[in-house]
Structures are given as structure tokens and as C-alpha cells.
Amino acid sequence: MRRIPRQASEPMRFTSLKLKSWKNFKEVDIPLAERVFIIGPNASGKSNFLEVFRFLHDLTTEGGGLAKAVSLREGMSKLRSLHATVNSAVEITVGMKEPSGATWKYQLVFDTPSTTSTDVLIKVETVERDGNTLLTRPSRDDEADPDRLRQTAIEQVAANKDFRQVAELFRSIRFMNLVPQLIREGQSSPQQFPGQDPLGRDLLEQIRQCKRGLRSSRLKAIERVLRSVVPNFEELRLETDSRGRPHLAVGFKHWRTNAVRQRESQFSDGTLRLIAMLWALQEDAGPLLLEEPEWSLHTGILERLAAFIARMQREGSGRQVFITTHSERVLADAGIAPEELLLILPARRGGSEIQPAARYPVVEKAMRSGLTAAEAAQPLTRVETMRLFGEPA
Amino acid sequence: MKRPLAMIWAEGFLDRVAAERLAKELGLRIEGAVKDAGGIDRFWELLDKYNKAAEQCGLVFALADHDGVDCAGPKLAAKLRSRHRDLILRLSVAELESWLMADHESLGEYLRVSPSKFPEEPDKVKDPKRTLVDLAAKSSKPAIRAGMAPKAGHSTNRGPEYTLIMEQFVRQYWMPFRAAERSPSLKRAIVALRAASA
Ligand SMILES: Nc1ncnc2c1ncn2[C@@H]1O[C@H](COP(=O)(O)OP(=O)(O)O)[C@@H](O)[C@H]1O
Ligand SMILES: [Mg+2]
Chain Z
1 MRRIPRQASE PMRFTSLKLK SWKNFKEVDI PLAERVFIIG PNASGKSNFL
51 EVFRFLHDLT TEGGGLAKAV SLREGMSKLR SLHATVNSAV EITVGMKEPS
101 GATWKYQLVF DTPSTTSTDV LIKVETVERD GNTLLTRPSR DDEADPDRLR
151 QTAIEQVAAN KDFRQVAELF RSIRFMNLVP QLIREGQSSP QQFPGQDPLG
201 RDLLEQIRQC KRGLRSSRLK AIERVLRSVV PNFEELRLET DSRGRPHLAV
251 GFKHWRTNAV RQRESQFSDG TLRLIAMLWA LQEDAGPLLL EEPEWSLHTG
301 ILERLAAFIA RMQREGSGRQ VFITTHSERV LADAGIAPEE LLLILPARRG
351 GSEIQPAARY PVVEKAMRSG LTAAEAAQPL TRVETMRLFG EPA
Chain Y
1 MKRPLAMIWA EGFLDRVAAE RLAKELGLRI EGAVKDAGGI DRFWELLDKY
51 NKAAEQCGLV FALADHDGVD CAGPKLAAKL RSRHRDLILR LSVAELESWL
101 MADHESLGEY LRVSPSKFPE EPDKVKDPKR TLVDLAAKSS KPAIRAGMAP
151 KAGHSTNRGP EYTLIMEQFV RQYWMPFRAA ERSPSLKRAI VALRAASA
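Going down the list, the protein sequences come from chains Z and Y.
Position 290, counted from 1, in the first sequence is what the numbering used here calls 290; the numbers after and before it change by one each time, with no gaps.
Position 120, counted from 1, in the second sequence is what the numbering used here calls 120; the numbers after and before it change by one each time, with no gaps.
Careful, some of the hints might be misleading.
The calculated lysine-lysine pairs, modelled on PhoX-like cross-linking and capped at a C-alpha distance of 25 Å, are [as the list claims (entries may be wrong)]: (1) 24/Y with 253/Z; (2) 151/Y with 365/Z; (3) 220/Z with 141/Y; (4) 123/Z with 211/Z.
To be clear, the hints were calculated from the coordinates, so they are not data collected in a lab.
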């Protein structure tokens, strides 16, 4: 088996996150692993958590920026936490690590100048590398010209030269929420760049654009996964039809004929979603956000999902993966460590708080002894348990 | 004609895969559901239902780890007293991993660990999973070490790909009859399955 050497391609990733007044989180301060599972009941804030990374993406993407990223989320009044002190500023601070071991910190605090204003202004923006400050705002220039505080340095090519890696990491964040019907139709939406369409409409095109050798090694890895879960599955290939459009074709070993072939139009939703996800997991790209991947994956995949992700990370590019889930099946894998598990629980003063399972001594010890996340951690996030603690003091 | 298995009810994922493998090795067709409980509590909780089902639909093969059953002695005794003869309840001694480790040759080659390092009497090993993970950590193959052993700083007793790696072993390489030569408890399970299906 050919393997891409790990060290060469292991990308930069997030190592920590601090939030103040973000959506239903008043305060967050957590480390982040290479593979992160976010668990919590409905409406606890799982999507809001992923939203932080989507915000960082929107901040740095072409046509993005602070004003745009805020307005896409319907303004400051929707972003800042209703549970924080009245009209407190929003803060996002992320820690990062390069493969070389160099560490980075990016901090952004922003707010509106008054409750009635819709302007969004930077209160603090700092960048550190290995503990040395590369940027501190507001700067003297900002004080002389306060209009400058409408734009972050990280969103400006001219200003982010010394920390381009950070801007690139943010821009490479990808959110995935696949709708199988749309992959089939193969229509890509015009405003999206390849790999940025959360609905995965451009999967076929992305596979086609990938360099040949790489493409076949990735399809082979997907093939190995499918063989282990789909009875009689044989091969997965990219084909082009008479009109030049790309198609995925699979072959099955059949008990009567020698082989049966199918194109993606005949795949089940679960199969398509799985292929798209397995492809994305191998891409040499930034953090991947997977929103409740259980929605149309087969049970057979769910119980192996955590291990598949680890395998794809090891064999592929090693991109960081964030997964929100309530699937007991996904969490029944004892290979998931409490350090990789984030629990969303109700906060004392309203809203939610998020903590690594490793911070709960009982959960950490139970998992160390071999209990699964489904057994040792998930029950803490059940609604009936939450009510016991959930009422504000 | 051998009697087929109506259903398989297993404690966890790997137990389920092993139960299927045993059925295949013995040439037993499985007619109905193959399911795992995702944990020992649920396994015992629903065992009565499977016991009743066995009365109606024939052989049910139920497989769980023996781990911790000693303290549940009275509970187990009660279950066994009312056991229908078509419910074949087997407990691997300590853990399923003893049954797997008993096939030194296949597992040694699969994990790239010298078979001489494997326990001679796997049924007597106190913590078979730990023993197995420690052995795999000495593999000459980096993918095995990375997949089977916990990552540095992670509080788990196995690595992130343990499930996949061991599943593949059970499905493709494990030889239950050879393993039974070193594991009396596996041998008893095979004998019981043979007798029930005869
Ligand atoms: N600015 C805010 N302040 C406080 N709570 C908020 C804010 N924005 C959204 N919420 C709350 O967040 C919850 C939704 O979180 P979401 O991330 O969609 O949950 P999940 O994905 O876990 O189902 C809702 O209860 C909503 O009221
Ligand atoms: Mg949600």
C-alpha cells in the first residue's frame, strides 16, 4: 500500500479555543484535539460551536471580512450571547500549531459602538507567534483613523503578510452538510469555490479535478472502506459520459453474473454521503466540520465512523476534524478518548458551557478503564439529567 | 441437515463479529437478526427476550465477555436456570480478546509481532485487551502501532483504529479451531454450538 508520508503533509491545526459572549456560550476555554467529537442534546449549541470556525472562514475568504461575516449571521444582536452581561463584546481567541511545532495565537474582540448602531468595530486584534507579538490593535494608526477598525488585519492581504499561515488556515476551514440529491444533480452553485460548497454539490467535479495519481489512491482508500461495509462491493471508479460529465461508478460482485455496475444516480443516499465524506477526509486541506454525519449514514458505517476518520487522518492529509453528533452508535467506539470529546452542558447562569470530557474525573477514569463515550459521557448530556442542573441558580 | 442459527445476540461490536465468524466456521446459516447490545448491561437486560424468542424461533447464539460476571453470580444463575435449551449462552473467559490471542500464528503475523510473545494460556490472562494492546504496541508495522495503541496523552485503553483492525482480523485471519487448542473456553463454545446444531 502506498502511503503519503505523514510528517510532510500534516497540516497546521487548532489547539485551543476561547470564546466570550458567543451565541448561547457566555464563556468557553478549551483545548482542541486532532479529532473532536461535540456532543449535546438538541438546541444545546452544537451548531453554534461549529459556527465559530465558519465565522473565521468567512472572515478571511474572498469577498468576506468582518462586516460580511457578522451580517451573514444577522448582526451583533444575534451573535452576542443573551446570557452575558448586557451588550458585552464578542471575543474569539484560537491557539494553533504548525507541523514544525511553531505555535500561534489569534485574538479578535469586536462590538458595535452603541446599542443602536449596526457598525461592527474591532476592539482588540492580536497575533502571536511562539509567544512573540506580531500584531496589536488598536494601533496608533487606528487611533488616528478609527474607520480602520472596521476591517481586521487578517482579512487584508496587505496587512496579514507576517501571519499569512493563520489567514490561510482560517480560509481552508470547510463545513460539510451533505445533501445527497444535490451531489447527484452535479450542479455547482456559482458563488462557491471548489471544496467550499457545504452541500457537496461539486463533489464529482472536485474528484475530476484532482491529479490522477492522487485521485486513484484516494478512490482506492474509499474502496477499502466500502469493501469492509458493503457486501459484494468490488470497485469505485470515476468515469466520464458522452457529454463529458464526470460520474462515479461502482462495481459489485454478484452471485449470478460476474459483476454489476452502478452509477451515482442509483446509489443510496447513505453511500453517496459516505463517499463524499471519505473523499473530504483525505483532502490535503484545513479543518473539516461535519455536522451530524449520522443523518443519512448506515448503521454499519456509524459504528465504524470514528475509526474510519482516524484511519483517513493517518493515511490521508491528516486534516483536523470536528464532528457534532448524538449518535450512540458513533460514540460506542472505545477508541474515542475523553480528550477528543467535548460535552455541552447547561451553564449555571443560562445558556450552555462546553468542556472536554477529560475535565470530568469520573468520566475520564471510566473511559480510561474501557467504557465508551456512549456509556461514560453521553448520559450526562441527556435532557432528563440536564434538568436536574439546568435551572439557573 | 444442521440446524441453522435463528439469531445472534452479542455484547459488543467485536463479540458480534466473532460470533458471526464462529457460525461461518461451523457452517451454520444465520436466518435472522445479528445484533449487539453495545454494552454488558443491555446484553443482560434483553437476554430474557432472546431466551423467549429461542423457544419460538430456534437457536439463538448469545455471546458476551465473562468480565465482571463473577460478582453478578446470583443474577447469572437465575438467568441460566430459566434458560431455554435453544439459547446458547457463551461467555469468553475474561474477554473476547483471549479467544483471539489464542490463535498465536495468525495474530502474530497480522499484527507483525513475534508469536512467541503471546500468552500460552490466554484464558488465564487477567486483562486480555491490555495484553493485546501492549503486544500490538511492539509491532514492526507503524500503522498497527498507531491504530492499536492509545495516542500519547489520551486516556483510553486502546487506539483509535482498534475496532477496524481487530474486525478485519476476526473476519479474514482468525482461525477459531486453531485458537480453540489454546483456549478451553473457546473449545467449549464450539462444542456447545456443534451439539445444539446437530
Ligand atoms: N445570541 C444568542 N444568545 C443566546 N442563545 C442563543 C443565541 N443564539 C442562539 N442561541 C440559542 O442556541 C440554541 C441553538 O443552538 P444550536 O447550536 O442550533 O443547537 P444544536 O446544534 O445543539 O441543536 C437555541 O436554544 C438558541 O436559542
Ligand atoms: Mg444543530
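Hint by hint, here is what the structure shows:
1. With a C-alpha separation of about 20 Å, the suggested pairing of residue 24/Y with residue 253/Z holds against the 25 Å cut-off.
2. A threshold of 25 Å between alpha carbons decides the hint, and for residue 151/Y with residue 365/Z the separation of about 16 Å falls inside it, so the pair holds.
3. The hinted pair formed by residue 220/Z and residue 141/Y meets the criterion: a straight-line CA distance of about 21 Å does not exceed 25 Å.
4. Distance hint between residue 123/Z and residue 211/Z is unfulfilled; the C-alpha atoms sit about 44 Å from each other, more than 25 Å.
When each numbered hint is compared with the structure, a violation occurs for hint 4 only.
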